[in-house]
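Student: Now for the letters of each chain:
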Amino acid sequence: MNTAKKLFGAAALTVSIGLVTAGCAAAAPEPVETEAAPGSVDLRMSVWTSNEDQLALFDSIADAYKADHPEIGSITFESLPFADYNTTLTTQIAGGNAPDLAWMGDLSKDLIAADALVPLTDELEATKGWDYDDLLGSVTAEFSVDDELYAYPFSNSPFALYVNTDLLTLAGQTLPAEDPTWEDISTIGAAVNAATGKAGFVIRDFDYSSWNTLATVWTGWGASAWSDDGATCTFDSPEMVDAFQFLHDAAFVDKSMPGPGVAADFFAGDAAFTVAQVSRASLLDGTFAYDVIPLPAGPEGDYSVIGQAGVGVLSSSAHTQEATDFLAFLTDPENAALLAQYFPPPRASLLTGEKLAENNAKLTAEQLQAVVVDQVPDSVTLPNHTNPAEIAQKGKAAFDAMWVADADVEAVLGEVCEAIQPVLAN
Amino acid sequence: MTVTIVETREAPAGASRPPAAPSRRRFWSASRRDQLAGYLFITPQLIGVVLFVLVPVGLAVWYSLNDWNIFSGRLEFVGGDNYADLLTDPQLPSVLLATVVFSGGIVVLNIALGLGLAVMLNRRFRGVTFFRTLFFSPVVVSVVAWTLVWGFLLQDNGGINGALSVIGIDGPNWLQSGDTAMIAVIVSQVVRSVGINMVLFLSALQGVPSELHEAARIDGAGSATIFFRITLPLISPTVLLTAIITIVGALQAFAQIAVLTGGGPGLSTTVLVYYVFQQAFEFNNIGYGSTLALMLLTFVMLLTLLQWQLRKKWVFYED
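If you read the sequences in order, they're chains A and B. Taken in order, the first sequence gives residues 1 to 426; the numbers are from the UniProt record's numbering. Taken in order, the second sequence gives residues 1 to 319; the numbers are from the UniProt record's numbering.
Simulated from the structure, these hints should not be mistaken for lab results. Keep in mind that a hint or two might mislead.
What the hints assert, rightly or not - Listed next, with one range per pair, are the computed distances between beta-carbon atoms:
#: 1; chain 1: B; residue 1: Leu-303; chain 2: A; residue 2: Asp-207; range: 33 to 39 angstroms
#: 2; chain 1: B; residue 1: Gly-79; chain 2: A; residue 2: Asp-53; range: 52 to 58 angstroms
#: 3; chain 1: B; residue 1: Leu-148; chain 2: A; residue 2: Asp-302; range: 46 to 52 angstroms
In this text, a Cβ means the ideal position worked out from N, Cα and C, and glycines have one as well.
Given the sequences, and given the hints that come with them, work out the whole structure.
Tutor: If you want it as structure tokens, here you go:
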């Protein structure tokens, strides 16, 4: 056999395999409107957790749903890395490979604005026993437009202050008996830093980059990133200037907060305090004694901030009806109670310290009552807007000038507004 | 080279010659079979070029003429609007400046150090193989892993400042300062990639005939004269090759920026390819991102073309 014939044969074989493969791929079920043939619907849900226990819980709920729904062929939970989650999801959407359901955080505003999410209110209200009125208004607001819910807020984890009581003892410090303020925390943190060389307080995940996490501080000063309608930047407000002056002093004067470029992980024992979500309690490994309390009070008094995650159905799904129905099942009172062991629930009926403590080995019922149950109803969320990535990047580029010792705080905040206002206005 | 073989049969001597049959050449001649084999051999690569180069470039051109809302799937033709945005983008001048500084720094240091190391390690001395391996070894390390490690080293309380403090120097906050972030990124990447150029230069240096050096020495030429008058011209084709590779590589450097600085502080390390990524995949401005990508493609093509033309002036070919 000469070379040409061999190559022809190889090419023919390759083409044949390709055609067979393409034929198999083309066997995907056709979209259905209302009723689908048995086994014809494959649902895919993007999640950012890779926790095996959580994924196992999702699988068990999906199996229970499939048992009563013969049209469902499979329900797959696709775990995407959190750091690249938004980019991966948008790339999948752009490439025509969007999942049927997806977790979402700050991408929700863009998806809702583009009509890319299926409205859920009617479907959930019509689902027998779902009890729509059980949802707290404070947690549905972020995913609602004109009283229409577009994503179920399955996780509503308040930010709390974690305290390394061992470090405080080592530095001869004690927390005020009641209602510590940010000034107290900074004073104690500076003392711990001076006495032990460890960090004072750390805003987890901020790292002088993710400035939106600082809402856990500036809310205590009564400040907000932009107006309620999202159209006007308010970083240049006097309240915000005071809040950032406090942070700047903490980093460069009092040394109660580690400066830029300094790594300090509270959960590794490197800091006296950290602001982090309650869900981070799983990182506590018992190597030091700890306490978890609500966020310190600011000049404006007590406040609460939560980080949210919702799950919605994408309009581009070929099976929106089945996906919406599955979402209703996934989040009904019974399954919401199961999910509550990992994710603070949006249902008032499930928000009690005792219930949350049933599946939480790190925090007591009293702690959970104080840092979750008492916080969620009146909480605000981290700043969220359409075009979140562009706002984050432009804000960060302007904020970088803040994190030097001789920064003019007020001027920098003015530049932040200058940088992000055009995006807000759009 | 194509060889055409025409098969002929001669009649035995004395035999009566049969009536001349019409001349028939076989369609699948050896020549055609060779040609076909050649085409089949390049077909996989050709398919790759079409699918993964020409089609994406074509799509980029199309997207650059449109405004694409990814979430809704709406594609709106906007003509040259995205190109007009290039002129009014307030961030673009900083991005282009950062690109020039980064690429220039990488190219100059990479070629100069690569050549310097190659010259030093082109001698026979004890442990030369060890040093060659040492300087080349970072090349085989994953760029992301390498950059992550350097990220830790360059922290304010990281390894480099720790080492500096031993000799009484209070090191800067390398990655957080606009004055030092770009320097830190360039140095970390030069250390990683200089080994490639070193090996290429070593290979070229070992191809320089020693008789020329000996003759020059006999004529009284010094080391510098020998290097600049003999060695450098003879390895100039390799200098051209490394220059092209390094410039194109520097203009495409992405992971280093993404992992080490995220483009900051401010926009001081936001190079063009990172800005393309931000616009297209983070801000979901696919149209404008495509326009920027085409601008980057144009820069790369122009620079490569320029070097290719300049080679006539400074590249010496022995033949």
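Student: Evaluate each hint against the coordinates.
Tutor: A quick look at each hint next to the structure:
1. The supplied range of 33 to 39 angstroms is met by Leu-303(B) and Asp-207(A), whose beta-carbon atoms lie about 36 angstroms from each other.
2. Gly-79(B) and Asp-53(A) have their C-beta atoms about 53 angstroms apart, which keeps the hinted 52 to 58 angstroms range intact.
3. Distance hint check: the CB atoms of Leu-148(B) and Asp-302(A) are about 40 angstroms apart, inconsistent with the given range 46 to 52 angstroms.
Hint compliance for this structure: hint 3 alone is broken.
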